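Protein chains in written order, with the working numbering: chain A, 1 to 422; chain B, 423 to 765.
Derived by calculation from the structure, the hints in this document are not laboratory data. Hints may be right or wrong, so weigh each one.
Partial pick of chain A residues on the chain B-facing surface, computed with a CB cut under 7 Å [unchecked claim]: (1) Asn106; (2) Ala389; (3) Gln393; (4) Leu401; (5) Gln403; (6) Lys406.
Here the structure is a predicted model, which is why all the values come from computation and not from measurement. C-beta: ideal position from N, C-alpha, C; glycine also.
Residue-level listing of the chains:
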Amino acid sequence: MFKTKTKVSVAAFTAVALAFAVGTAPANAAATGEIEVFSWWTSGSEDAALQAIISAAQAANPDLKIINAAVAGGAGTNAKQVLATRLAGGDAPEIWQTHPGGELQNYVEQEVLTDMTAVYESEGWNKVVPKELVASMTFNKKTYSVLSGVHRANTMWISSAAQKKAGVSLSGSLSWATFKAAALKMKAKGIDPICLGDKDIWTAAQLLEALIVAEEGASGWNALLDGSKSWGSAGVKRAVAHFNEAMTWTNADHKALDWTGAVAALAKGTCGVNIMGDWAYGELLVKQNKVDGKDFTYATFGDANTFVTVGDSFVIGKTAKNQAGGVAFAKAIMDPKVQLAFNKLKGSAPVRSDVSTKTLGKYQQGAAKVLANGKRVPSLVHGQANVAAAVGQAYADSVTLLQANKSVAKFTKAMDAAIAAN
Amino acid sequence: MSQVRENSNPPVKRKKRGGDVKAAILLLPSFLIVSVFVYVFISYTIGVSLAENWMPAKASMAQGPDPFATYKNLFENPRFQSDLRNSFIFTILFLLVTVLAGFFIALAVHNMGRTKGFFRGVFLLPYALSFIVTGVVWRWLFNPDSGVNLFLKYSGVASAYKSIKGEELRPEWLTSATTVGDVSALLEKIIPGGQYIQVEMGIPLALIPVVIATAWQLMGFAMAMFLAGLVSIPDELREASMMDGATGSRYYRSIAVPMLAPIAITTLVILTHVALKIFDLIYAMSGSGVGFATDMPGIFVYESMYKALKYNTGAAASIVMLIIVCIVVVPYLIHSNRETKER
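Next comes chain A alone, as it looks inside the complex (with noise of 0.2 Å):
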């Protein structure tokens, strides 16, 4: 705890020594005014890591009011509820946040959002983002968004606990065969092999993704989502007859529990593994009291180096009053110490390639190194794909129904109707 603790202050002192540092810098006409930063970011360290970023933009444009319009709750459901009533009434904010893909692709063909390829062109941020990512912020070639830091969907958590007691050792890219044979033998002791909790239908689809890419590949992942490869490829058939049998490996009350819930089950080690995006990481760490490495390892299904980005991304309204002070806060989450700070705090990865990671958790460095060098795809579950929101919803309700029917043909089929009205 004290670790935790020690840990989180050091990162909150960084935020505010960088705050300054970037204040003395010589700031090219700073913003004055106010804006509105409009966000679903307000429990504990999503808080703090957006703190990091105003105190920052704050310090750099010292005469800029900045307004922290914070929306709770339904992982952003609420906001983008409140967001669609102002944008509605024409009342944007300077800045909000979005996913990037179909999510963003939304907010441009309502015609709202300010295009930022101009900043990125004078940054030379084309040169230091991942060209995918900037693919999924940018239609008609024009980029809208900047991006806080990514996170990854395709982690498997595994507890060392349950691995000693079952006598296996997982890691690295693993098959399909090698997580059975380890699973089967963690039943054999009585433990759950796959932790689980699903009363949101995301993480059960955030697993079987995990095993679809895992079979199809990156480039696989990415033909499905765009319509060039059907779902009823083999690769997707066997990935959901493995989520099939993956079902039946988990936890007994996973409908009941929330993605924490399953994570505390994997600190236990009544449960084997997790599959879950990195913001586990922190819960493991802070929540949970675990250290990285001993209590927990983690690996991934198929190729280790194929990355499921979910970005946090932040856009600029077209009709907010106060553009520059739009341009001023982009430009402060995009400060290379920003993203460090940020992503120290919120547990993802910096989407600037120059970034040092070396103060970061040994994970978070891992992943790092992965999203900079390794195969990037977007995830469908968090709405980071290049499809229309609606494909996400049609994929999250095809895994709800798969949990009671079992189906292959009517997801697949299901899957393939999706992309086609798209």
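Got chain A; can you put chain B on it based on the hints?
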């Protein structure tokens, strides 16, 4: 309204008209506000549901080649079909449990002596809780690894069941994917377009814990309604019926229950619209459930709008919800209006 008319003297014609004008002026502001915020927005929502691609910042009401395409897709969607089924089953079970429980509790409380006030408070208390609180607590209670199953285990019920049936008694509660009493085959024959049914039209077992939780919260309300009814039965009637030999259960069967019928109908209508619009309790308790076993139209509307960003679908689903509520409420309003006039 009727009382006012009864009590006032027959007014002079001119005076009455003046009263009408005054009443109209007094009612005008609220009439305007209600028409804008209810009827104008309902019309707007209908417009959105028929439009091809409405978005908040691009509010285009332009219709596609088939304005009803959204509705057609909606009714073909297995999720929405499940929602309609769940809404129907949930409403019936919930009304049955809540009204019966509320009635018997009201009888018990009514006949209590000094402790009456205390028990009235005890049973009314859940009604004061927020749906979210109820949902979260009952989710924990119906967790198959803790909660009620532990009670079954340690009370000996589970082992007794095992010795009789030979299998483990470990209900899955909210996590159940089972649907019992599937009548899809029958429905396909009797409903036009029945071949589009893609879900099992039966009773999803996962709905039962949800019904228990909702009934637990609202039976206090039903009790309060029935208590008010019981109090309003004149003592003379009770005494007279006793003189005629109607004691005990006979009194309740022949006097109290018929006297309570209007209250029962009002309670049913109020609870029906609660059941049809239910959202927060289920959202917190089980979400959509395994294979949409506990999904509700309200959850569908919310997710279509703000997760899938399909505003047209969300609008269409909410109009369907409105129509279903109207089917229940409008006949009641017409009926009670007619009654008032007759009086």
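Cross-check of the supplied hints:
no.: 1; hint: Asn106; in the structure: holds (5 Å)
no.: 2; hint: Ala389; in the structure: holds (4 Å)
no.: 3; hint: Gln393; in the structure: holds (3 Å)
no.: 4; hint: Leu401; in the structure: holds (5 Å)
no.: 5; hint: Gln403; in the structure: holds (5 Å)
no.: 6; hint: Lys406; in the structure: violated (9 Å)
Consistency with the previously given hints fails for number 6 only.
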